[in-house]
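A.B. asks: Between the sequences and the hints, there should be enough to build the whole structure, so can you do that?
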Amino acid sequence: MNASKNTARITPMASLGRFGLFMLRFAREAIRRPPPPGRTLAEAYAVGVAALPILLIIAAFVGTNLAIQGYTAFQLIGGQRMVGLFVALTGVREFGPIIAASMVAAKSGTEMASQIAVMRIRDQIDALEVMAVQPHWYLVTPRLLGILIAMPAVTTLSTFTMVSAAYLVSVYQLDLSGATFMEFALSATSPVDLLVSNVKAILFGAVICLVSCYNGFVSDPGPEGVGASTNRAVVLSAVSCVLLNYLISEAIY
Amino acid sequence: MLRLTDVHKAFGDLVVLDGVSLEFNAGQTTAIIGPSGTGKSVLLKHLVGLIHADAGTVECFGVDMASASEREIYSVRRRFGMLFQDGALFDSMSVGENIAFPLVHHEKKLSAAQRMERVEQVLEEVELPGFADRDTAALSGGQRKRVGLARAIIHRPEVVLFDEPNSGLDPMTSDAIDALILRMKERLGVTFIVISHDIVGVMNVADQVGMLHGGHLIAYGPPSELVHNPHPMLRRFLGRNLALPKGPQDPTTLPSLKLQR
Chain A
0 MNASKNTARI TPMASLGRFG LFMLRFAREA IRRPPPPGRT LAEAYAVGVA ALPILLIIAA
60 FVGTNLAIQG YTAFQLIGGQ RMVGLFVALT GVREFGPIIA ASMVAAKSGT EMASQIAVMR
120 IRDQIDALEV MAVQPHWYLV TPRLLGILIA MPAVTTLSTF TMVSAAYLVS VYQLDLSGAT
180 FMEFALSATS PVDLLVSNVK AILFGAVICL VSCYNGFVSD PGPEGVGAST NRAVVLSAVS
240 CVLLNYLISE AIY
Chain B
0 MLRLTDVHKA FGDLVVLDGV SLEFNAGQTT AIIGPSGTGK SVLLKHLVGL IHADAGTVEC
60 FGVDMASASE REIYSVRRRF GMLFQDGALF DSMSVGENIA FPLVHHEKKL SAAQRMERVE
120 QVLEEVELPG FADRDTAALS GGQRKRVGLA RAIIHRPEVV LFDEPNSGLD PMTSDAIDAL
180 ILRMKERLGV TFIVISHDIV GVMNVADQVG MLHGGHLIAY GPPSELVHNP HPMLRRFLGR
240 NLALPKGPQD PTTLPSLKLQ R
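Protein chains in written order, with numbering that gives the first Met the number 0: chain A, 0 to 252; chain B, 0 to 260.
Calculated directly from the structure, the hints in this document are not laboratory data. Honestly, I wouldn't trust all of these hints.
With a straight-line cut-off of 25 Å between C-alpha atoms, the simulated SDA-like cross-links for lysine to any residue are [as the list claims (entries may be wrong)]:
1. A:Lys-106 <-> B:Ser-91
2. B:Lys-107 <-> B:Arg-70
3. B:Lys-107 <-> A:Arg-27
4. B:Lys-184 <-> B:Lys-108
5. A:Lys-106 <-> A:Tyr-171
6. A:Lys-106 <-> B:Asp-90
7. A:Lys-106 <-> A:Thr-63
8. B:Lys-108 <-> A:Arg-32
9. B:Lys-107 <-> A:Ala-131
10. A:Lys-106 <-> A:Leu-243
11. B:Lys-108 <-> A:Trp-136
12. A:Lys-106 <-> B:Ala-136
13. B:Lys-107 <-> A:Arg-38
14. B:Lys-108 <-> B:Phe-89
15. B:Lys-107 <-> A:Ala-29
16. B:Lys-107 <-> B:Glu-119
17. B:Lys-107 <-> A:Pro-35
18. A:Lys-106 <-> A:Phe-18
19. B:Lys-108 <-> A:Pro-35
20. B:Lys-107 <-> B:Glu-124
21. B:Lys-107 <-> A:Arg-31
22. B:Lys-184 <-> B:Met-115
23. B:Lys-108 <-> A:Tyr-137
24. A:Lys-106 <-> A:Pro-220
25. B:Lys-108 <-> A:Ala-29
26. B:Lys-108 <-> A:Pro-36
27. A:Lys-106 <-> B:Lys-107
C.D. replies: In structure tokens form, the structure reads like this:
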């Protein structure tokens with residue numbers, strides 16, 4: 000009860016100010032020295048591997064449904080052959096990065112927020128301070144670098160799985176030619192699309208990590224506080240990524 | 000060495016410290032007592048710069064904590080060790096890794112073997128030999144405090160802060176922690192500052208005792224004087240925990256104060 004009351008007292012402007020201060024402290028520490036050794040690869044592995052199984056399953060089924068819906072829509076104008084184009088275009092440019100971001104936010108973002116929130120309420124962040132170890136440097140920089148390393152790989156795998164699943168459905172269920180599917184898919188996308196997809200992945204990773212870590216740092220006391228900060232982290236990460244995705248697509252395509 | 004002068008601190012409408020002035024003497028053990036929620040931990044956090052005073056000054060080793068740069072504050076903090084209420088141990092690390100943490104970050108010239116040697120030494124001091132490889136999450140409350148204490152002293156600090164060292168412990172474990180603090184005090188000869196509402200423990204370990212109430216330091220002095228202090232709040236607070244002497248008493252008889260746990 001107290002936790003929600005405390006949160007309610009903080010206005011959106013004050014929250015933005017606190018986030019700004021958090022970012023300033025983090026940026027200063029990130030520039031000053033590299034992350035603690037040994038922790039970055041562990042974080043990259045955790046992000047990449049932890050979210051991967053569920054991400055690939057979801058990506059596969061989004062791919063199958065893109066193929067089915069694309070086929071249904073294009074059939075109306077006699078253009079079923081263009082399913083490959085539709086799947087590749089939407090998959091590489093939009094769905095691959097955004098689905099990867101959603102899953103990483105749900106799995107790894109919540110983990111980051113809850114871990115740091117628990118550290119906050121158990122005095123472990125104060126303990127870091129008293130031991131003269133800067134908590135933004137120790138807790139955020141390895142997580143950020145880890146997620147930045149993992150996100151392009153995770154997004155590429157997600158996109159590949161999506162298009163592959165769509166290919167299988169198109170060929171084995173919808174009786175389309177595999178060669179035609181691939182021809183349209185390859186004609187629709189260029190290396191620039193793959194590059195933009197990876198840039199999106201990196202930006203989404205940064206947003207997820209910073210929003211999640213920030214919400215962990217400002218957690219209210221008690222289990223209710225940890226739950227609320229974790230919830231805020233995933234909601235704000237997802238909304239921020241979707242908005243950012245729109246802005247990037249609008250600017251580039 | 001450590002000085003608070005007319006320190007004021009409020010959280011919203013709640014005034015926690017209202018003009019507290021206090022000086023901690025080098026090599027002595029000072030205890031701050033008082034009921035829960037009277038700002039004892041807040042006072043402690045002022046000393047290490049975790050909280051900044053609204054008004055007044057906090058000076059540690061000649062550094063004004065309010066105007067100091069972050070670099071200065073961190074260099075002051077290296078001279079402190081602190082035992083948190085629940086130990087504040089990192090559950091993802093083993094006992095040894097927790098204890099070695101300050102060395103890993105501040106004494107980088109030490110090899111892993113040298114660090115482990117220091118870890119084993121402090122584990123001996125807190126009477127947990129051979130615990131280095133234990134899982135932190137599996138420790139009992141008393142063991143967590145001991146490991147927290149080992150971590151607080153491994154870098155040989157000049158001041159060790161204890162935030163409620165007896166909280167959440169059964170009377171026997173609590174007494175064992177008090178005995179440990181006494182032994183450490185004799186062995187290390189550094190400045191100890193203990194925050195507690197465990198009167199019996201405090202009277203046994205402290206050279207000076209101060210009581211916080213309503214944001215004010217209402218009493219301060221050696222335990223032998225404090226038990227004769229007429230302040231009604233202090234009498235009420237002490238009276239719940241100790242069989243108080245009726246009149247003036249020889250300080251050397253204090254250890255015979257009877258427990259009323």
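A.B. asks: Compare the structure with each hint and give your call.
C.D. replies: Results for each hint:
no.: 1; hint: A:Lys-106 <-> B:Ser-91; result: holds (19 Å)
no.: 2; hint: B:Lys-107 <-> B:Arg-70; result: holds (18 Å)
no.: 3; hint: B:Lys-107 <-> A:Arg-27; result: holds (22 Å)
no.: 4; hint: B:Lys-184 <-> B:Lys-108; result: violated (28 Å)
no.: 5; hint: A:Lys-106 <-> A:Tyr-171; result: violated (33 Å)
no.: 6; hint: A:Lys-106 <-> B:Asp-90; result: holds (20 Å)
no.: 7; hint: A:Lys-106 <-> A:Thr-63; result: holds (23 Å)
no.: 8; hint: B:Lys-108 <-> A:Arg-32; result: holds (18 Å)
no.: 9; hint: B:Lys-107 <-> A:Ala-131; result: holds (14 Å)
no.: 10; hint: A:Lys-106 <-> A:Leu-243; result: holds (20 Å)
no.: 11; hint: B:Lys-108 <-> A:Trp-136; result: holds (21 Å)
no.: 12; hint: A:Lys-106 <-> B:Ala-136; result: holds (23 Å)
no.: 13; hint: B:Lys-107 <-> A:Arg-38; result: holds (17 Å)
no.: 14; hint: B:Lys-108 <-> B:Phe-89; result: holds (23 Å)
no.: 15; hint: B:Lys-107 <-> A:Ala-29; result: holds (20 Å)
no.: 16; hint: B:Lys-107 <-> B:Glu-119; result: holds (18 Å)
no.: 17; hint: B:Lys-107 <-> A:Pro-35; result: holds (13 Å)
no.: 18; hint: A:Lys-106 <-> A:Phe-18; result: holds (22 Å)
no.: 19; hint: B:Lys-108 <-> A:Pro-35; result: holds (16 Å)
no.: 20; hint: B:Lys-107 <-> B:Glu-124; result: holds (23 Å)
no.: 21; hint: B:Lys-107 <-> A:Arg-31; result: holds (18 Å)
no.: 22; hint: B:Lys-184 <-> B:Met-115; result: holds (24 Å)
no.: 23; hint: B:Lys-108 <-> A:Tyr-137; result: holds (20 Å)
no.: 24; hint: A:Lys-106 <-> A:Pro-220; result: holds (23 Å)
no.: 25; hint: B:Lys-108 <-> A:Ala-29; result: holds (23 Å)
no.: 26; hint: B:Lys-108 <-> A:Pro-36; result: holds (15 Å)
no.: 27; hint: A:Lys-106 <-> B:Lys-107; result: violated (35 Å)
Going down the numbered hints, you'll see the structure goes against 4, 5 and 27, while the others check out.
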